[in-house]
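**Student:** Each chain is listed here by its residues.
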Amino acid sequence: MNEVETQNKVKIHTKNLDLFYGDVHALKDVNLDIQSHNVTALIGPSGCGKSTYLKTLNRMNDTIDGVKITGDVFLDNENVYGKGVDVTILRKKVGMVFQSPNPFPMSIYDNITYGPRMHGVKKRIELDEIVEKSLKGAAIWDEVKDRMKKSALSLSGGQQQRLCIARALATQPDVLLMDEPTSALDPISTTKIEELIAELKKNYSIVIVTHNMQQAARISDDTAFFLLGELIENHKTETIFSSPQDKRTEDYITGRFG
Amino acid sequence: MSDKLSNDVAITDRKKRPFEKLFYSVIYLLSGCVLALVIYFIAIILIRGLPALSLSFLTSAPNPIQQTIGIFPSIVNTLYIIFFTLLCCIPIGVGGAIYLNEYAKNKRLVSAIEFATETLSGVPSILYGVFGYVVFCLLFGFKVSLIAGILTLTIMVLPIMIRTTQEALKSVPVSYREGALGMGATKWYMVRTILLPSSLKGILTGIILSIGRMVSESAALLLTAGGSAMYMPKGSLWDQLSSSGSTLSVELYRYAYSRGDNETAFGIAAVLILIVILLNLLTRFIAGRLNTQ
Ligand SMILES: Nc1ncnc2c1ncn2[C@@H]1O[C@H](COP(=O)(O)OP(=O)(O)OP(=O)(O)O)[C@@H](O)[C@H]1O
Ligand SMILES: [Mg+2]
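Line by line, the protein sequences give chains A and B. Residues 1 to 258 in our numbering are what the first sequence lists, from first letter to last. Residues 1 to 293 in our numbering are what the second sequence lists, from first letter to last.
Just chain A, with the same shape it has in the complex (with noise of 0.2 Å):
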């Protein structure tokens, strides 16, 4: 594939969505295409949706009581809300990392070949490539090489959330959704994770939810602006720091609200 082809497919396609939590109108009516190869970034103020946004992108959402959805989402032209559709498969292929970081209480190692066990890879040595290779990706290996069968829960905060988006990669998923992956790390990790996902984004189709709006200019190709849970615009980033169509994506990002 070349260059112009990569660049403009879509891999998710969000049509009229709608997302109900019992009462709470979480998602209103939102269509957004997410490109292949691209790091989409998700900017808008607290509660507005953008967490249940990603969320219904692998069906995590599915898991809550009194969760109601309507309207599709298409992976690769396959409807993720169709008949008949393995949410695993699904949740292998969109990997996923959390707002608040939540290793599992094993060890560093453990965590992270859970996936990959879990899918059946089961010699050793390849486990021990995967977890390199994520580790060194996620920009945590220098710091627990050397302490690999200690518990992830000894390690400190940020370098949980590195080992959580490590714990996502060592699944090779597709598309990986990040929930402010950096809002718990120091400018230096937080550096990492940016190189780390420019890196990502020529294998992997990157969303990811971010306050910070230096880090949503410096990092992502599109950009969607959420309001309580209305999608206001999206377009290239450029586009949306540069000249904002609508008045509240300017007031937004130009810090005036939210």
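Hints were generated in silico from the structure; no laboratory data involved. Take these hints with a grain of salt, some might be off.
[Claimed, not checked] Quick list of in silico lysine-lysine cross-link-like pairs, DSS-like style, CA-CA up to 30 Å:
no., chain 1, residue 1, chain 2, residue 2
1, A, LYS92, B, LYS16
2, A, LYS192, A, LYS133
3, A, LYS122, B, LYS187
4, A, LYS83, B, LYS16
5, A, LYS150, A, LYS123
[Said to hold, decoys possible] Which residues of chain A face chain B? A partial, calculated answer using Cβ under 10 Å:
no., residue
6, THR88
7, SER100
8, GLY115
9, SER189
[Said to hold, decoys possible] Derived Cβ-Cβ restraints for the label pairs, each shown as a range:
no., chain 1, residue 1, chain 2, residue 2, range
10, B, PRO197, A, ARG124, 55 to 63 Å
11, B, ARG108, A, LYS28, 47 to 55 Å
12, A, ASP76, B, VAL174, 26 to 34 Å
13, B, LEU127, A, LYS122, 20 to 28 Å
14, B, PRO197, A, VAL10, 54 to 62 Å
15, A, ASN77, B, GLY122, 52 to 60 Å
16, B, ARG108, A, ASN77, 39 to 47 Å
17, B, ARG108, A, ASP33, 36 to 44 Å
18, B, SER31, A, LYS149, 34 to 42 Å
19, B, LYS15, A, LYS247, 25 to 33 Å
20, B, VAL174, A, GLY255, 32 to 40 Å
21, B, CYS88, A, LYS122, 32 to 40 Å
22, B, ALA116, A, ASP23, 49 to 57 Å
23, B, ARG289, A, ILE89, 55 to 63 Å
Where is the CB? At the ideal position from N, CA and C, for every residue including glycine.
Chain B with the ligands: place on chain A using the hints.
**Tutor:** Same frame as chain A, but now just chain B with the ligands:
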């Protein structure tokens, strides 16, 4: 502004907190009392009981002709009952708790079942005895036998297993579940690899409580498993399980109450306490081994 909030005070100027001191003293005193009671209790039993123990007491059956007393048959009965009851109630109890907590969709039904288990764990054991007698001994035709006793005790300790396992499962953070499911784990894989290992401690507590309940049970077993153990165990395992037999607690009751033979009763009590301590250590050991795997 209240001057209680004034910062015009040195941090070394310790406040007097008489109430706190009193509170701590009371707590220490009470814990001391509890500890002393437990030690006194165990000491009395061991001091009075251990002298009654002898090799023949531990390894023989009662012999009315030679007028000797032996508790080997009831030791074996007690261990059988503990082992086989656990064998029945751990899978059902843990499985039931997993179902109620993780799979059941109908919340109303779940709270109804939870209410029922809670109520059942408070029902006097003699009622289980009557139920077990009618259902297992008569209806199922097991007669008065160890099997009937095992089934009765299974029903009796099941609520304990379910409750403790449920509590343990509830204390596992939602974020662990999300993490596993988010990587494409099936629910059962998540339960096996995340939930069960994390709630092992709680399940262990359930097992230890259950063992305690079984060992101390007399009323329910008297009705379903039998009131005496006169003969050395013989025949196949099935033969042994389908014949009647008393456990140590039942024997203890018989010697202390019907015969007024306190020496023997204390001897049995000492054996019981040792068995309970050993089983608790064993359970911990096994759980520890499982945990490191
Ligand atoms: N499990 C839930 N049950 C009920 N309401 C929920 C639930 N999760 C989220 N909501 C509601 O849905 C709305 C969107 O929440 P969401 O978590 O998607 O916001 P967000 O944009 O990610 O915010 P933040 O930037 O603070 O993370 C909020 O009003 C929130 O209260
Ligand atoms: Mg969020």
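**Student:** Is 54 to 62 Å a correct range for the gap between the Cβ atoms of PRO197/B and VAL10/A?
**Tutor:** violated, 41 Å
**Student:** Mind checking the hinted window 52 to 60 Å against the Cβ distance between ASN77/A and GLY122/B?
**Tutor:** Cβ of ASN77/A to Cβ of GLY122/B: about 59 Å, so the range 52 to 60 Å holds.
**Student:** Does the Cβ distance between ALA116/B and ASP23/A fall inside 49 to 57 Å?
**Tutor:** violated, 32 Å
**Student:** Look at the Cβ atoms of LEU127/B and LYS122/A and judge whether their distance stays inside 20 to 28 Å.
**Tutor:** violated, 52 Å
**Student:** Do the beta carbons of VAL174/B and GLY255/A sit within 32 to 40 Å of each other?
**Tutor:** Once the Cβ atoms are compared, 33 Å apart, the range 32 to 40 Å for GLY255/A and VAL174/B holds.
**Student:** Mind checking the alpha carbons of LYS83/A and LYS16/B for me, to see if they're no more than 30 Å apart?
**Tutor:** violated, 69 Å
**Student:** Mind checking the hinted window 47 to 55 Å against the Cβ distance between ARG108/B and LYS28/A?
**Tutor:** Check failed, 32 Å falls outside 47 to 55 Å.
**Student:** Range first: 39 to 47 Å. Now tell me if the beta carbons of ARG108/B and ASN77/A are that far apart.
**Tutor:** Holds: the Cβ-Cβ distance is about 41 Å, inside 39 to 47 Å.
**Student:** Taking only the CA atoms, is the gap from LYS92/A to LYS16/B under or equal to 30 Å?
**Tutor:** The given pair, whose Cα atoms are some 60 Å apart, is violated under the 30 Å limit.
**Student:** Holds or violated: LYS122/A with LYS187/B, Cα cutoff 30 Å?
**Tutor:** At roughly 21 Å apart (the allowed maximum being 30 Å), LYS187/B and LYS122/A satisfy the hint.
**Student:** How does the Cβ-Cβ distance of ARG108/B and ASP33/A compare with 36 to 44 Å: does it lie in that range?
**Tutor:** holds, 42 Å
**Student:** Measuring from beta carbon to beta carbon, are LYS15/B and LYS247/A in 25 to 33 Å?
**Tutor:** violated, 56 Å
When held up to the earlier numbered hints, the structure conflicts with 1, 4, 9, 10, 11, 13, 14, 19, 22 and 23 and fits the remainder.
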